[in-house]
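Student: Make a model of the complete structure from these sequences and hints.
In my numbering, the protein residues as written are 1 to 328.
One or more hints might be untrue.
What the hints assert, rightly or not - With beta-carbon atoms standing in for the labels, derived distance ranges:
no., residue 1, residue 2, range
1, 72, 31, 17 to 27 Å
2, 94, 325, 42 to 52 Å
3, 16, 251, 36 to 46 Å
Simulated from the structure, these hints should not be mistaken for lab results. Where a beta carbon is used, it is the ideal one built from N, C-alpha and C, also for glycine.
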Amino acid sequence: MPTTLGSVRRLLMTPSLAEVTFERRSFPPAPADVARHLEAIPQAVLCGFEWGIDTRSQWELERRLSLVRQEQLGFAYEGATMACTILDAMRGGRGHKTRDLLDGPGRPHLFLAYIGIGFAMARLPRPLWRRVLPDLTESSPYHPAMSWLAVDGYGFDRAYFDTRTWVERQHVPAPYPWQGEPNYFHRAVDQGIGRALWFIHGARPDDVAAAVGRFAPRRHADLWSGVGLASTFAGHAEPDELRTLRRLAGRYRDEVALGMVFAVKARTYAGYVPKHTEWAAHALGEVGIDAAVALADGTIAHGDEAGAGLTYESWRQRIRAHFASLPR
1 MPTTLGSVRR LLMTPSLAEV TFERRSFPPA PADVARHLEA IPQAVLCGFE
51 WGIDTRSQWE LERRLSLVRQ EQLGFAYEGA TMACTILDAM RGGRGHKTRD
101 LLDGPGRPHL FLAYIGIGFA MARLPRPLWR RVLPDLTESS PYHPAMSWLA
151 VDGYGFDRAY FDTRTWVERQ HVPAPYPWQG EPNYFHRAVD QGIGRALWFI
201 HGARPDDVAA AVGRFAPRRH ADLWSGVGLA STFAGHAEPD ELRTLRRLAG
251 RYRDEVALGM VFAVKARTYA GYVPKHTEWA AHALGEVGID AAVALADGTI
301 AHGDEAGAGL TYESWRQRIR AHFASLPR
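Tutor: So, in structure tokens, the structure goes:
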């Protein structure tokens, strides 16, 4: 059951569901069915956050999350992880709610949970960032390489909630030594901004491509990989539209395919692959689900090969190289 303090935190910290609608965020209008689909994703995140910030125990949090339908479950875990991260930070980094969640029921949703940590980072002062990441080395082969998705989540959050600064004005944040690699920080942020563009522009390939094109050319590759990930994971584009997206990406079509592979891996790891993810695998990379997973698993770089901070990008480069080697 909720606690008095938890209820106060919930009231003070949780935005209303209306705050993430296209209308409230002043995003370009989208057809009603597209808007409902894309709005339901951040709304699921908010529900997970509200439960995580308010409930007394992990057992209760897990039971609440278990009531969410599969399509939205990973997003609800994003929000719950965000809440646990903030609560741990409020204890000076000495809390263990995030670790307990991700070592337990949140483990299948680890990829999205990292993004939830990034959402928390967007609301915490930078001095607290050094303690937001729990040590999951013993429980996950993807830690800490995939923790770069936390920085991706930070970029998505900033683009979604402060679109004028991060998209229209193309703000570049100051470096931060995540995993000891401050120079890669802005690239991971751009991957999250690319994901946000898919939402902001209502899954319309032409508008998404135009939005990417307005950024400085050096940022295009990472933005396009984020677009590929969002179009595959979040979806709501028909196969023909996804093929159009790939064509519009031009020289960055391999980046789009890279994002697709990561999205497929995240979906299968969580145990649920919707039809739109299957469509995207075929349209963006000309592969099936099993082949995309095999590519992800067969190219993963380990820390002893690349150094802990560069493992993530080494993995991305190997996937990208696979698609670049295919006949055009």
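Student: For each hint, tell me whether it holds in the structure or not.
Tutor: Consistency of the hints with the structure:
no., hint, in the structure
1, 72 / 31: 17 to 27 Å, "holds (20 Å)"
2, 94 / 325: 42 to 52 Å, "holds (48 Å)"
3, 16 / 251: 36 to 46 Å, "holds (42 Å)"
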